[in-house]
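Engineer: Sequence:
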Amino acid sequence: MSFLFAASVFAQSNPFENKPGEWGQEIQPDVPAEYVVSAAGAKAFAQRLGALADVLRGASVFNPPLGFQPRFHARVWAEGDCFANPPGKCNERVVPAQLHMLIYYFVEGRNGEAVWGGEANTGAAIWVNDLRATLVGTKYEVFGAPGLSLPDGRRICFRPNKSGEVAGFPFYDDSLLIITENPRPYWVPVTREDCLQAMIRFHETELGRNTRRLSEAKDPYQEWLSKADERRAAREKAYQRMKATDPAKAEQFKRQSEQMEVQMGAGLQRSSGALTPKGDGLKLSRNIIDALKSELERMTPDQRKSEAWLLVRRPAEELYASGLVSAGAAGARPVATVNPEFFDRSRPRTDWQLLTSHFSWQGYSKDFIGAKRLREFCGTADWKRVASLMD
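Residue numbers for the sequence shown follow this note's numbering, beginning at 124 and rising by one.
Hints were generated in silico from the structure; no laboratory data involved.
Just so you know, these numbers come straight off a predicted model, no measurement behind them.
All residues carry an ideal CB built from backbone N, CA and C; glycine is no exception.
Zero decoy hints are in this set.
For each label pair, taking beta carbons as the anchor points, the in silico distance ranges come out as:
id	residue 1	residue 2	range
1	409	436	21 to 27 Å
2	291	444	37 to 43 Å
3	238	409	51 to 57 Å
Given these sequences and hints, build the entire structure.
Structural biologist: This is the structure we're talking about:
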């Protein structure tokens, strides 16, 4: 809703291209106690966050900022890469941080003054030491199974496509910038067998959740029947009140309301059988699970071990199929997960080993001021200096 409002304001107003904005900055540098790091390590981590803000602020688009105000926020939180260790063991994890830079653009107000036109979802999200951030976003989710994951919790996603470079660093899908000096791959392939097993687990989990929900839910038809007397009394009251002033209209109301009562009851009665754990409402999920298990049984040992490629969009007639296809097939992409061995665990856990930046300008015209300034920021920030902050 906020985006629609902001876009509407922008469409109706003239942007102030040359309105200087002020850089706003907020950093919450305290490393949570769960990480159990030394005071010196926590201080160095916080200082590096401040240094990163200074480098980003030095982008030429901010000097002076034109047509917008940037807002920079950074924090450290009590989670981590969470893949190499069981949940809760923050004292064994690399310390992460999350940063946001949002763009608020100016437009012409009613009296010609410059006012904020809105955030409009244009900004950069930056993560330090968080592998999950390299696969964040709906564009990497597997169609029909957004929570697809391996038994250890690592998400299975479409592997990003490299679309170019920014300052010599890889840029993926025109939105994802990854900076690291670690030669280890941040993604590893997923086998066809692991991918198919993950799909089966996903649909079995959904089936179990929906079965429990329907077991606890009241039958809509029976609940409707239990309130028949209340509805009948309400109709009679309305009928008598209407009859006193307009008998013909009252009779029409009576006929129509009684017809609606019959139709509503018939409709609920027809659907009530499907809304039970054994009804047709869950039949689709069971059929999908059976089809996936059959597909797995038909796989040869070599097929099971091969790299998984999935159709980005599946045709409706292939609803019961996994979408797995041969490598390089048209309309397909390889799937991957994060590398649990990426981080060098011999290094101090406050070292910066990975920096990921997502730029949210998709869906906007290149002339839209928010997206335009964000692209200028991406192109003029000194990413090599950012890399020099890494250990």
